[in-house]
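Q: Listed below, chain by chain, are the residues.
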Amino acid sequence: MNEEKLINILLVEDDEVDIMNVQRAFRKNNINNPLFIARNGLEALEMLRGDKIPKPHVIILDINMPKMNGLEFLQEMRSDENLKRISVFVMTTSNEDSDKINAYNLNVAGYILKPLSFEKFISSMSTLNSYWKLCERPSL
Amino acid sequence: MNEDALAQCQNELSQEKKQFEEFIYLVSHDLNAPIRAISNLSVWIAEDLGNDIPADVKQHINLLQARTQLLERMLGAILTLSRVARTDLEIGYVELLPFLEKLSNPFRKEQVSVSIQIRSVVPGLITYYQKLQTVLSELITNAILHTDKEKVNIAVVVTQTGEFLKFEIIDNGPGLPADVSERIFSLFYTAKGKEGNQNIGAGLTIAKKIANFVGGQLAVDIPPEGLGCSFVLYWPRKEPEKV
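As given, the protein sequences belong to chains Z and H, one line each in that order.
At position 66 of the first sequence (counting the first as 1) the number is 65 in numbering that gives the first Met the number 0, and the numbers step up by one without a gap.
At position 160 of the second sequence (counting the first as 1) the number is 159 in numbering that gives the first Met the number 0, and the numbers step up by one without a gap.
These aren't lab readings, by the way, just hints derived from the structure by calculation.
None of the values given here were measured: they were computed from a predicted structure.
Please note that a few of the clues may not be correct.
[Unchecked claim] Some chain Z residues well away from chain H (every beta-carbon gap over 10 Å; in silico):
no.	residue
1	N32
2	F35
3	N68
4	N81
5	N101
6	N104
7	S129
[Unchecked claim] Straight line, CA to CA, 30 Å or less: simulated BS3-like cross-link-like pairs of lysine-lysine:
no.	chain 1	residue 1	chain 2	residue 2
8	Z	K4	Z	K113
9	H	K208	H	K191
10	Z	K132	Z	K119
11	Z	K27	H	K57
12	Z	K119	H	K108
13	H	K241	Z	K99
14	Z	K113	H	K17
15	H	K150	H	K108
16	Z	K119	Z	K99
17	Z	K27	Z	K99
18	H	K57	Z	K113
19	Z	K113	H	K208
20	H	K57	H	K191
21	H	K208	H	K108
22	Z	K99	H	K16
23	Z	K4	Z	K83
24	Z	K66	H	K17
25	Z	K99	H	K17
26	Z	K119	H	K57
27	H	K16	H	K237
28	Z	K99	H	K208
For every residue, glycine included, the Cβ atom is placed at its ideal position computed from N, Cα and C.
All chains, please: the whole structure from these sequences, using the hints.
A: Take a look at the structure:
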């Protein structure tokens, strides 16, 4: 049997319904990758620097969050030797150019607007999953 | 009022306007998140209940979803309005005949019953071409939306008057009673009800806002009953200054 490597994913998102949105879209697409959740940037940093969860290969990141927002989190992450190479996908409602520029300056792998309909969200998640599977990652 | 005081007033006014537009933008943007949540939750409830649900529950869920979509589109329109001064600011040369043909083609393709005739005595101008395109598209959309004929005839006629180009968009629809000629530009005003209707009543509001932004004007001519509608758009010929 062809055993697929599991890709660990950390979702950094403060809105409960948006979290359910991702979980539900994963189920719909039969995505079985472990999904860990942090409710803001600070919580995400703690999880990444602690050892309670395996190191994620991919981070899905909201921008507007309390305590530490997505861009502040990115800045912190990219200056951390142990964390800086993790792929980050921004998923937000912000259609502002300034947010897009700041995010890409911090080397995000993609900037995705949260689609209005759940149907579209399911297909976006499926596309992302195919892309994640396609990418090679270092073993550590 | 002396000139200094006037200049100061104008400065304050433009500051206020800017702040107001930022406020509208933030509000409509932030309201999107809870609306999206309601929309998603109603889809999930329907999914989880499966097919075996009473007809009235099903109907209520459908109504809930339709209203949420309506709300989303209304907020989208408010967002668009608040961004008129900030988006589509590219300036370029517009060769009018090909520009108008290109803009008309999607409408002709979508509905074979739509015929659009174009006449222009002016070759072209340098302007905010995306904005001009939005305004004219909204006016054509509006003519098609309100037609009562099987065959929709629209004429787009461009002439020149002084500092302005005059675009007339004339249709063969039912026309308008004189008493609504101002109201049709109000946000969310619709001639037909919003029920089961894709139209939310924002297109003409956006068109007029853009016309004002570029220093032009948009108005409707009321022809005699039964002779259709004619929108008149005055668009400055002068090349806009780069911001």
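Q: The structure should be examined with respect to each hint, and the outcome stated for every one.
A: Okay, the hints, checked on the actual structure:
1. Its beta-carbon lying about 21 Å from the closest one in chain H, Z:N32 satisfies the requirement of being farther than 10 Å from that chain.
2. Distance check for Z:F35 against chain H: the nearest CB is about 21 Å away, which clears 10 Å, and the non-interface claim stands.
3. For Z:N68, the requirement that its beta carbon stay farther than 10 Å from each beta carbon of chain H is met, with the minimum near 14 Å.
4. With a closest Cβ-Cβ approach of about 32 Å to chain H, Z:N81 is found to remain outside the 10 Å limit, as its non-interface label requires.
5. Interface exclusion of Z:N101 from chain H stands, the closest Cβ pair being 17 Å apart, more than 10 Å.
6. Here Z:N104 stays apart from chain H, with its beta-carbon at least about 21 Å from theirs, past the 10 Å limit.
7. Every C-beta of chain H lies more than 10 Å from that of Z:S129, the closest at about 23 Å, which supports listing it as non-interface.
8. Between Z:K4 and Z:K113, the direct Cα distance comes to roughly 27 Å. Compliance with the 30 Å bound is thereby established for this hinted pair.
9. Restraint check for H:K208 and H:K191: satisfied, since their Cα atoms lie roughly 22 Å apart, inside the 30 Å limit.
10. About 20 Å separates the Cα atoms of Z:K132 and Z:K119, which keeps this hinted pair within 30 Å; it holds.
11. With a C-alpha separation of about 22 Å, the suggested pairing of Z:K27 with H:K57 holds against the 30 Å cut-off.
12. Annotation: proposed proximity of Z:K119 to H:K108 holds, straight-line Cα distance about 26 Å (limit 30 Å).
13. A hinted pair counts as satisfied when its Cα atoms are at most 30 Å apart, and H:K241 with Z:K99 qualifies at roughly 24 Å.
14. Proximity of Z:K113 to H:K17 is assessed by CA-CA distance (about 27 Å); at most 30 Å being required, the pair is judged to hold.
15. Taken as a hint, the H:K150 and H:K108 pair is honoured in the structure, with Cα atoms around 14 Å apart against an allowance of 30 Å.
16. For the suggested pair Z:K119 and Z:K99, the alpha carbons sit about 21 Å apart, so the restraint of at most 30 Å is met.
17. Between the alpha carbons of Z:K27 and Z:K99 the distance comes to roughly 29 Å, so the proposed pair stays at or under 30 Å and holds.
18. For the given pair, H:K57 sits about 27 Å from Z:K113 by alpha-carbon distance, which is consistent with the 30 Å threshold.
19. Between Z:K113 and H:K208 the alpha-carbon distance is near 28 Å, which keeps this suggested pair within the 30 Å criterion.
20. At roughly 26 Å between alpha-carbon atoms, H:K57 and H:K191 fall within 30 Å of each other, so this suggested pair holds.
21. A C-alpha spacing of about 28 Å is found between H:K208 and H:K108, which places the hinted pair at or below 30 Å, so the restraint holds.
22. Our distance criterion of 30 Å between C-alpha atoms is met by Z:K99 and H:K16, whose separation comes to about 26 Å.
23. Proposed proximity of Z:K4 and Z:K83 is supported: the alpha carbons are some 22 Å apart, at most 30 Å.
24. Distance hint between Z:K66 and H:K17 is fulfilled; the C-alpha atoms sit about 29 Å from each other, no more than 30 Å.
25. Only pairs whose Cα atoms come within 30 Å are accepted, and Z:K99 paired with H:K17 is accepted, the gap being roughly 22 Å.
26. Under the criterion of a C-alpha separation no larger than 30 Å, the hint pairing Z:K119 with H:K57 is consistent with the structure, at around 22 Å.
27. For the proposed pair H:K16 and H:K237, the alpha carbon gap of about 24 Å is at most 30 Å, so the pair holds.
28. Our distance criterion of 30 Å between C-alpha atoms is met by Z:K99 and H:K208, whose separation comes to about 27 Å.
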